[in-house]
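Residues 872 to 1061 in my numbering are what the sequence shown spells out, letter by letter.
If you are wondering where the hints come from, they were derived from the structure by calculation, not from laboratory data.
Fair warning: there could be bad hints in the mix.
Stated by the list, open to error - With beta-carbon atoms standing in for the labels, derived distance ranges:
hint	residue 1	residue 2	range
1	S943	G1030	18 to 26 Å
2	R1045	G981	12 to 20 Å
3	G1030	E1000	21 to 29 Å
4	R967	L883	56 to 64 Å
5	E1058	K1023	51 to 59 Å
6	Q930	L1005	30 to 38 Å
7	K1023	R948	16 to 24 Å
8	T1043	E1000	34 to 42 Å
9	T1043	E1020	16 to 24 Å
What the hints assert, rightly or not - When the alpha-carbon atoms are kept at most 20 Å apart in a straight line, the in silico SDA-like pairs for lysine to any residue are as follows:
hint	residue 1	residue 2
10	K996	S943
11	K952	Q929
12	K968	Y1009
Note that the structure is predicted; figures quoted are calculated from it, not measured.
C-beta: ideal position from N, C-alpha, C; glycine also.
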Amino acid sequence: MTRDKGRSGISLVTYLIVAAVAATLGFGLHHLWNRIEDRTAPNPTFNEKSASATIVGQQRPEFTLPDLNGQSFSIDRWDGKVILINFWATWCPPCRKEIPTFIQTLEKYGDRGFQIVGIAIDEPKLVAEFVQNLGANYPQLIASTQSSELSKRYGNHYGALPYSILIDRKSTIRFTKAGELSRDELESLI
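Please construct the entire structure, taking both the sequences and the accompanying hints into account.
Right under this line is the structure:
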């Protein structure tokens, strides 16, 4: 019986040592994880207006991207029009939700010099299928490899989707928005 008490005393000490090591490791990993999140997460005081304010009032950056058929288009093709550039993806629910609004808005204002240009961050085949099913009436450019850099040049420093930019007839950026753009908001802008 004394022998059993000795073993249980040893196993209790072993258990306490293992528990202490596990707790220390757990605390250390938790602390390390929080430090990594602090460096990689967007600033918790992020304000879309302040993040994009640096680009509003500036001339739009130049770019050339392929459309769904592989033909290259430069943004200057639409100079002289009011342009809404919309970064989006087929897998993004708010992106999918706002596209019918864009279709209807372009039908209403297109003959007055309004143009929408979609910049899809997705596979061309998926984009083609999606826009065909919706009957999208505006150009879709593909930015799969350049999307992050181009989006940042237009003020989207956090890679938000959808992300919209309104450019006036003189190629000056007048408005940016991360997130879904409502019909009322879009119509009030144009």
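Hints and how they fare:
1. S943 to G1030: 18 to 26 Å: 24 Å, holds
2. R1045 to G981: 12 to 20 Å: Holds, since R1045 and G981 (Cβ atoms, about 18 Å apart) stay within the stated range.
3. G1030 to E1000: 21 to 29 Å: 24 Å, holds
4. R967 to L883: 56 to 64 Å: 59 Å, holds
5. E1058 to K1023: 51 to 59 Å: 28 Å, violated
6. Q930 to L1005: 30 to 38 Å: Taking Cβ atoms as reference, Q930 and L1005 lie about 32 Å apart, which means the hint holds.
7. K1023 to R948: 16 to 24 Å: 22 Å, holds
8. T1043 to E1000: 34 to 42 Å: 35 Å, holds
9. T1043 to E1020: 16 to 24 Å: About 21 Å separates the Cβ atoms of T1043 and E1020, which means 16 to 24 Å holds.
10. K996 to S943: 17 Å, holds
11. K952 to Q929: Holds, because 16 Å separates the two Cα atoms, which is no more than 20 Å.
12. K968 to Y1009: 16 Å, holds
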